Amino acid sequence: GQQLNQSPQSMFIQEGEDVSMNCTSSSIFNTWLWYKQDPGEGPVLLIALYKAGELTSNGRLTAQFGITRKDSFLNISASIPSDVGIYFCAGAGGSQGNLIFGKGTKLSVKP
Amino acid sequence: NAGVTQTPKFRILKIGQSMTLQCTQDMNHNYMYWYRQDPGMGLKLIYYSVGAGITDKGEVPNGYNVSRSTTEDFPLRLELAAPSQTSVYFCASSYSRQGKGEKLFFGSGTQLSVL
Numbered sequence: 001g002q003q004l005n006q007s008p009q010s011m012f013i014q015e016g017e018d019v020s021m022n023c024t025s026s027s028i029f030n031t032w033l034w035y036k037q038d039p040g041e042g043p044v045l046l047i048a049l050y051k052a053g054e055l056t057s058n059g060r061l062t063a064q065f066g067i068t069r070k071d072s073f074l075n076i077s078a079s080i081p082s083d084v085g086i087y088f089c090a091g092a093g094g095s096q097g098n099l100i101f102g103k104g105t106k107l108s109v110k111p
Numbered sequence: 112n113a114g115v116t117q118t119p120k121f122r123i124l125k126i127g128q129s130m131t132l133q134c135t136q137d138m139n140h141n142y143m144y145w146y147r148q149d150p151g152m153g154l155k156l157i158y159y160s161v162g163a164g165i166t167d168k169g170e171v172p173n174g175y176n177v178s179r180s181t182t183e184d185f186p187l188r189l190e191l192a193a194p195s196q197t198s199v200y201f202c203a204s205s206y207s208r209q210g211k212g213e214k215l216f217f218g219s220g221t222q223l224s225v226l
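Line order of the protein sequences matches chains A and B.
The numbers in our numbering rise by one with no breaks, and the one at position 57 of the first sequence is 57.
The numbers in our numbering rise by one with no breaks, and the one at position 90 of the second sequence is 201.
In short, the hints are calculated from the structure, not lab data.
Among these hints, one or two may not hold up.
[Claimed, not checked] Far from chain A, some chain B residues (derived; all Cβ distances over 12 Å):
1. Gln117
2. Lys125
3. Val199
4. Ser224
5. Val225
[What the hints assert, rightly or not] Which chain A residues face chain B? A few, computed with CB under 7 Å, are given here:
6. Thr31
7. Pro39
8. Glu41
9. Gly42
10. Pro43
11. Ala92
12. Asn98
13. Leu99
14. Phe101
15. Gly102
16. Lys103
17. Val109
Owing to the predicted nature of the structure, the values given are computational and were not obtained by experimental measurement.
Glycine included, C-beta positions come from ideal geometry on N, C-alpha and C.
Chain A with its partners taken away, still in its complex shape:
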């Protein structure tokens, strides 16, 4: 079945640093989504991307839909302690029909 390769698996950064993570697939998707999961909670949608090449921002977060439709990137600028959590990419509109999730990037921020 379709798989999303999300990297890095985990990150330990200092408060104030910028963060980059990405998601790649061998398959094409029509929509890319980025979710964040706070400890002990369910995931919450951060950004949705609907068009190849699209660049979208949500506060300090910026995400891009890769031009090949096989990848997406999420950047967080000037990280703060509340950015801690697991970030999931998800692809929609692929051959399987249902939303496919990556395995997540666990972010830790040192104050």
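Given the coordinates of chain A, work out where chain B should sit on it, guided by the hints.
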């Protein structure tokens, strides 16, 4: 502002026991889903429903059953609990189909241990 509500929050089961995880949503969403989350493995779809009376299997349905008698409720049943079902379970809902990129609203999860 309840959104998606799951109960219980935590549960420990013995091998072979059965239980039902409850999920209810107050957003009048037609689409509801059950996912399981294993450490470092992301979210896997167990079952989903596109409306009352209609359910379908996801990626990992074995060992689970669901029903959808109302728009609001989508319980997940484990009949004979096995250690492989130790996981965190999330219920979610959406206005339209998540496979089209529709936003998912998640509950806060049920942490289940089978010993």
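Status of the hints after comparison with the structure:
A beta-carbon of chain A comes within 12 Å of the beta-carbon of Gln117 of chain B; the shortest separation is about 8 Å. No Cβ of chain A approaches the Cβ of Lys125 of chain B within 12 Å, the least distance being about 25 Å, so the stated non-interface status holds. Distance check for Val199 of chain B against chain A: the nearest CB is about 9 Å away, which does not clear 12 Å, and the non-interface claim fails. Once the 12 Å rule is applied to beta carbons, Ser224 of chain B is consistent with being away from chain A; the minimum gap is 15 Å.
Here Val225 of chain B stays apart from chain A, with its beta-carbon at least about 20 Å from theirs, past the 12 Å limit. Nearest Cβ of chain B to the Cβ of Thr31 of chain A: about 3 Å, under the 7 Å cut. The hint holds. Interface restraint check: Pro39 of chain A against chain B, minimum CB-CB distance 11 Å, threshold 7 Å, status violated. The interface hint given for Glu41 of chain A holds, since its Cβ lies 5 Å from the closest Cβ of chain B, which is under the 7 Å cut-off.
For Gly42 of chain A, the suggested interface contact is upheld, since its CB lies about 3 Å from the closest CB of chain B, less than 7 Å. Interface restraint check: Pro43 of chain A against chain B, minimum CB-CB distance 5 Å, threshold 7 Å, status holds. Given the 7 Å rule on beta carbons, the hint for Ala92 of chain A holds: about 4 Å separates it from the nearest Cβ of chain B. Taking 7 Å as the C-beta cut-off, the interface hint given for Asn98 of chain A holds, the closest approach to chain B being about 5 Å.
Interface hint status for Leu99 of chain A: upheld, as the beta-carbon distance to the closest one in chain B is roughly 4 Å, under 7 Å. The closest approach between the C-beta of Phe101 of chain A and any C-beta of chain B is roughly 4 Å, which is under the 7 Å cut-off, so the hint is satisfied. The interface hint given for Gly102 of chain A holds, since its Cβ lies 6 Å from the closest Cβ of chain B, which is under the 7 Å cut-off. Residue-level restraint check for Lys103 of chain A holds (minimum Cβ-Cβ distance to chain B is 4 Å; threshold 7 Å).
Given hint, Val109 of chain A at the interface with chain B, is violated; its Cβ is 20 Å from that chain's nearest Cβ, farther than 7 Å.
Checked against the numbered hints given earlier, this structure breaks hints 1, 3, 7, 17; the rest are met.
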